[in-house]
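Letter by letter, the first sequence follows residues 1 to 130 of my numbering.
FYI, nobody ran anything at the bench for these hints, they're computed from the structure.
Think of the CB as a built atom: it goes at the ideal place given N, C-alpha and C, for glycine as much as any other residue.
Treat each hint with caution, since some may be false.
Here are the computed distance ranges between Cβ atoms for each label pair [unchecked claim]: (1) Thr19 / His118: 41 to 49 Å; (2) Leu42 / Asp96: 35 to 43 Å; (3) Ile105 / Asp17: 52 to 60 Å; (4) Ile105 / Arg45: 38 to 46 Å.
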Amino acid sequence: MPRHDHFSISDLAREFDVTLRTLRFYEEQGLIEPARQGRQRLFSRRDRARLKLILRGKRIGLSLQEIREILDLYELARDEASQSLKLLHLLTERRDRLLEQRRDIDAVLDEITQLETHCRQVLDTMTAHH
DNA sequence: GTTCTTACA
DNA sequence: TGTAAGCA
Numbered sequence: 001m002p003r004h005d006h007f008s009i010s011d012l013a014r015e016f017d018v019t020l021r022t023l024r025f026y027e028e029q030g031l032i033e034p035a036r037q038g039r040q041r042l043f044s045r046r047d048r049a050r051l052k053l054i055l056r057g058k059r060i061g062l063s064l065q066e067i068r069e070i071l072d073l074y075e076l077a078r079d080e081a082s083q084s085l086k087l088l089h090l091l092t093e094r095r096d097r098l099l100e101q102r103r104d105i106d107a108v109l110d111e112i113t114q115l116e117t118h119c120r121q122v123l124d125t126m127t128a129h130h
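Please model the complete structure; the sequences and the hints are all you need to start from.
Dropping the structure here:
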């Protein structure tokens, strides 16, 4: 965990508990673009900071595509305002998706309860006849 | 021993 | 994203 200015792919993998494959994949997806020292990747503090944001976004449930949008803003429109605005928007969408999933789950749960009730009634009826 | 690219159950 | 293969 060299506290210096550069990190190897293994350094970051260890620090953030992700696999080497994951870091290479994120690069492939354009979320990070570590420098190269010959052929090897050389991660800067900036890459490290981005990775931190990527993982945070993933925890919240944002897609890599959405995370990239935020990261891009952090690069281009260096103003923190547009970035926060974007994040706020994505968070709202994420919440809506979760709420919808919750509604779907509740609906299935209710159906299960109804079927359960039905089954018990059938069993009670048969028992009563014997 | 470590990292890289490519391909695929 | 995991894993295996063949290099550097």
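Evaluated hints:
For the hinted restraint 41 to 49 Å between Thr19 and His118, the CB-CB distance of approximately 48 Å keeps it satisfied. For the pair Leu42 and Asp96, the beta carbons lie near 40 Å from each other, so the given range of 35 to 43 Å is met. Between Ile105 and Asp17 the C-beta distance comes to about 29 Å, which lies outside the given range of 52 to 60 Å. Distance hint for Ile105 and Arg45: a CB-CB separation of about 42 Å, consistent with the stated range 38 to 46 Å.
Consistency with the previously given hints fails for number 3 only.
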